[in-house]
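Protein chains: 4
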Amino acid sequence: MALFGSVRQRLYHALEQYDRTDPVSVVISSLVVGVIAINLIAIILESIPAYAAAYGPTFFLIELVSCIFFLIEYLLRVWVCVESPGPVNAATQAQGQPSNLGKRLRHMLKPMSIIDLVAFLPSILQVLMPGLDLRFLRILRLFRVFKLIRYFASLDILLNVLYDERKNLTGTFLIMLIVLTLAASALYVVERDVQPEAFGSIPQAMWWAMAALTTVGYGDAIPMTTLGKILGSVVTILGIGMVALPSGILAASFSDQLRSSRRSLEASVTEALEDGILTQDETERLRRMGNDLGLRPETLNELIENTAQLKARQSHSTVVLDMDGQTTQISGNGNE
Amino acid sequence: MALFGSVRQRLYHALEQYDRTDPVSVVISSLVVGVIAINLIAIILESIPAYAAAYGPTFFLIELVSCIFFLIEYLLRVWVCVESPGPVNAATQAQGQPSNLGKRLRHMLKPMSIIDLVAFLPSILQVLMPGLDLRFLRILRLFRVFKLIRYFASLDILLNVLYDERKNLTGTFLIMLIVLTLAASALYVVERDVQPEAFGSIPQAMWWAMAALTTVGYGDAIPMTTLGKILGSVVTILGIGMVALPSGILAASFSDQLRSSRRSLEASVTEALEDGILTQDETERLRRMGNDLGLRPETLNELIENTAQLKARQSHSTVVLDMDGQTTQISGNGNE
Amino acid sequence: MALFGSVRQRLYHALEQYDRTDPVSVVISSLVVGVIAINLIAIILESIPAYAAAYGPTFFLIELVSCIFFLIEYLLRVWVCVESPGPVNAATQAQGQPSNLGKRLRHMLKPMSIIDLVAFLPSILQVLMPGLDLRFLRILRLFRVFKLIRYFASLDILLNVLYDERKNLTGTFLIMLIVLTLAASALYVVERDVQPEAFGSIPQAMWWAMAALTTVGYGDAIPMTTLGKILGSVVTILGIGMVALPSGILAASFSDQLRSSRRSLEASVTEALEDGILTQDETERLRRMGNDLGLRPETLNELIENTAQLKARQSHSTVVLDMDGQTTQISGNGNE
Amino acid sequence: MALFGSVRQRLYHALEQYDRTDPVSVVISSLVVGVIAINLIAIILESIPAYAAAYGPTFFLIELVSCIFFLIEYLLRVWVCVESPGPVNAATQAQGQPSNLGKRLRHMLKPMSIIDLVAFLPSILQVLMPGLDLRFLRILRLFRVFKLIRYFASLDILLNVLYDERKNLTGTFLIMLIVLTLAASALYVVERDVQPEAFGSIPQAMWWAMAALTTVGYGDAIPMTTLGKILGSVVTILGIGMVALPSGILAASFSDQLRSSRRSLEASVTEALEDGILTQDETERLRRMGNDLGLRPETLNELIENTAQLKARQSHSTVVLDMDGQTTQISGNGNE
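As they're listed, the protein sequences go chains A, S, U and R. Residue numbers for the first sequence follow my numbering, so the first one is 332 and each next one is one higher. Residue numbers for the second sequence follow my numbering, so the first one is 332 and each next one is one higher. Residue numbers for the third sequence follow my numbering, so the first one is 332 and each next one is one higher. Residue numbers for the fourth sequence follow my numbering, so the first one is 332 and each next one is one higher.
Chain A extracted, bound-state conformation (with noise of 0.2 angstroms):
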């Protein structure tokens, strides 16, 4: 039971929290990616009716070796995560750690289970009920690109700033919208004798609309008219800020995190220095921290001398650090 037990957390560390420096963790993380990478090419290229027909048997071999790898991770992962310590606050404390099926439960109602769950059942469905529609549920196994998610952390950064943003793109979004509507109509009014075809109807003006806001410009509605032009370079040119406005949005929230981030680096850097040494750990810890927020090297040695010759100035001290095997004095009244 012990030795079972000490299965289970170790899986559960090489499944679930992806570390660089723990072999197991590493084989397994690359595994999956591989066979989930495997698989998807392989969907692709069955589309391929001549691939399709020349290839069936392999591709439906990888599929089902894939669903089975799928749903063995996914059994584990379910055993697992029991090991996982849970939040910690209030609410959970009063009321004691909740049983093991109550964690299994809730876990497997996250929405990265619900994603390896739904990688493998409709395979596994079409085969037990061969009635389905198998076009359709071929096209479903895709969503397994989801499953790349959890091993791409860089993500992370990039979904925050989407969901802190959710208002401003929302109202990007619907002055889109209007802007799409008051397009599309003005030009039907204006081209639909013209080109009955293209600018029929309003939800047909739409289409040209999307395309000219959206600086796509497939070319097979043009406005002809006059007018038509002159209202349809009027719609061009706010298409621009459509494109204009989410990257402001965006640029803006990337720059807060980026700021915040360098913030908490710097106020880590002071503290380390508060004691009037850096020692080879401290530096250790530093460069990791700065790794993460993706720093080159040499800008973190940077802002490290910057710190230490501000607070051996500021305290009249020496400030020693120790880095790389190397050990630099930082005097507060050298002439620097």
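Incorrect hints may have been included.
Note that identical chains are pooled: a pair holds if it fits in a single copy or bridges any two copies.
Here are the simulated lysine-lysine pairs, DSBU-like style, with alpha carbons at most 35 angstroms apart [stated by the list, open to error]:
no. : residue 1 : residue 2
1   : Lys642    : Lys560
2   : Lys642    : Lys441
3   : Lys560    : Lys434
4   : Lys642    : Lys434
5   : Lys560    : Lys441
6   : Lys498    : Lys642
7   : Lys498    : Lys441
If you are wondering where the hints come from, they were derived from the structure by calculation, not from laboratory data. Note that this is a predicted model, so its numbers are computed, not measured.
Got chain A; can you put chains S, U and R on it based on the hints?
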């Protein structure tokens, strides 16, 4: 009379001051947004000839009910507007509060009131004066889409940013106009003999120049001579600048807005912690502020904790945080 | 002579220093902008063969009057330029003020003066020397559009930003050139045998590469082979970077400009409040500064109030604000 | 030997350390850039069949001379590289300076050296081994464009920003890939029966999805069914996000770079003013720093004056600025 006034006041709050916690307000807002949405969809679908023939009476009914609804809404808004506290400044204080009639006239001249009026007036005019051009009036009805602005608070930020940057955006527009004119003239000179149907005059060439500068590129007018293609490439590359300039301007402005609202939140956190205790009420207030700014709860919690730590360390005292029914003590001498 | 000098000085201010409160300045500016606008529209319309045939004499008259107008404007500007205070620095102080002739020569070599000269000179040359190529000279007239630059103050910020970022923008352009060359060569190798008419040489393939990289996509040259489509997709995705890079560069620069102008406004507010009183005059001056920066009045008021509160709290004194004929007292001990 | 060494050192500085004030360095740089430019233009023109036939010998001569030139340049760089001071860190100090051979080997493995080698090696191989595929080798010659990177200092900032944001940009690319796959599959399901030639398989539909997501919109594949157009519109609107995300990421990073370089300039100004005097030398040094950052002189002057005023006011002393041969005194008690 007291009841009458209290109904008016009640309705004023429900109609003009959206409050998520007031069920009457939520119901009325949802109803108005719903009627507008159904009405807009009906207008768009009515423009499809087949639908107009098949469901004519239904569209007429929707229009009729909506118009009556918008009329009642307009009258109610005019009635309750006297409950508005009105701007408080030296001028109004000197001359006393305006009369109810004055308040109502001022209300009716507000942009949103005019939009409300335009939403139903043309349709009523059409019934009264059957000789008017029906087609044009029908399109006017689409301006009802602007009524939605009132119900999307997030549009305020976008409109503020656009207003703040009006000078820079106008400047960008002027640059675009200059580049457009010169590009069209250049291509007109180069291509007019080869493609008189697309570049036969400067206004014609402007249609191409607009599509190139905005990177839409419909493909109906394309330079064919070598010199024309070289010039066209230069214009298109300048077109990237035409997209980049407003993006940059808006990004800067959004960044500025975000920074100032963030700073005012930080000031509120600092103020709330001034007495060394963050009460449940203060936490609630900060949480609402953070929510209005679109902040994730964890970001706010981090901000509060960092500020508390700084406060504790600077004043060598203990800060007490009372958050989510859980009390935390942060000591200024602890090693974090 | 005194009258003569005073007229010149009056005219100098009206012509060269736009002042919204001076009616002469406003009338002259509006007149110049109006003549330029009418003239440009006439040139553009004249390029339409039908219009040129029908309204030839009218266009000639507009051209004649405009040219005489621009000539007089040019001569007046040369005449009044001696009123310019000129740059004040050590060099000019040492050698004394330059003579009037020197000042006029320097004025005539300024970019804006050359634009003014080019605006009417070709048309006059054309009358004097009828043997010149009429067509080309006609197009030269469109450079009059640059005369508008003088009247749009907001262009200054845009031009400054573009100038500040000239190095980064040049770098972006170089990257684009490298990607363009390599993309064109790759597609030339892959597609030349299949579509010799569109990818038969590298310069031909560059036309496609340019349309793909700038996301214009005319659709006249499209890769057809599978390898060509894959390479084309990669190039197009790199094209997004070509739009994103200058957007990012300009956004950063606009942000920096906004921040520094905001900071100088904050410094002015702090300075105005240093004596604990914000007089009517100081309010007026701050309001004008804020307006120049495109700030909404409520944003400025908020900034003033926040600064006053901070000042009051820090110095434990009372700050008096005299704004819009209303006097507010902010006490440092009040509970806000 | 001393002369030999001094020639090598002289050449090292001229070749590897571009210095605007050293005429030898400027001449050599211009010569190399010139040869690369002529060579690239020749390669591009040679791809036009008519030109290749008419000017074959000329293109051969240009190629021959360039290759010999690049060979000599390469050999010279290998020869002089031993003058490089090399990285100074604890590791190299411990084991002493490497030998000349070691230095040369390390130099030859640098990316820029490999680019230099690839620039002429294929052409020489082609002469030695006439059996190789000529066509492919000819295209390889275009990689010479990378030799230009050495001469454009401004590319450093761009490459640093791209490197700093590699994680976020990879994340964006992953999101794009997911959206691309799902969009292509959706349109494949909807349109495959109507347009099997454009949407007959997922890879085919991907070509459309790529053009829609990047807002290129060639117009060769366009959804035709109503459902296809609705889905296509959603994909296209998501495409705006695909442009906005990298713009936002790069904007944030450029902003951060600009801010940190601005801050280090401000620190230098503060330091230079610490003794209350800004000497001619210090002014010169600050001016050079400002120029490297792309600052306009007036912006720098303003920064210096503001800092001087602040310093004067805080220390109640007088600050002396010695700029451009002119001495200014700023007193801390002035009422400015």
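Hint-by-hint comparison with the structure:
In the homo-oligomer, the alpha carbons of lysine 642 and lysine 560 never lie at most 35 angstroms apart, since the shortest distance is 65 angstroms inside one protomer and 58 angstroms across protomers. Taking the closest pair of Cα atoms, lysine 642 and lysine 441 never come within 35 angstroms of each other, the shortest separation being 47 angstroms inside a single copy and 38 angstroms across copies. In the homo-oligomer, the alpha carbons of lysine 560 and lysine 434 never lie at most 35 angstroms apart, since the shortest distance is 62 angstroms inside one protomer and 44 angstroms across protomers. Taking CA atoms no more than 35 angstroms apart as the test, lysine 642 paired with lysine 434 passes in neither setting, with 49 angstroms inside one copy and 38 angstroms between copies.
With identical chains, the CA atoms of lysine 560 and lysine 441 are at most 35 angstroms apart between copies only, with a shortest distance of 33 angstroms across copies and 51 angstroms within one. In the homo-oligomer, the alpha carbons of lysine 498 and lysine 642 lie at most 35 angstroms apart only across protomers (32 angstroms), although the nearest pairing inside one protomer, at 42 angstroms, exceeds that limit. In this assembly of identical chains, lysine 498 and lysine 441 lie within 35 angstroms of each other by CA distance both inside one copy and across copies; the values are 24 angstroms within and 26 angstroms between.
In the structure shown, a violation is registered for the earlier hints numbered 1, 2, 3 and 4, in ascending order.
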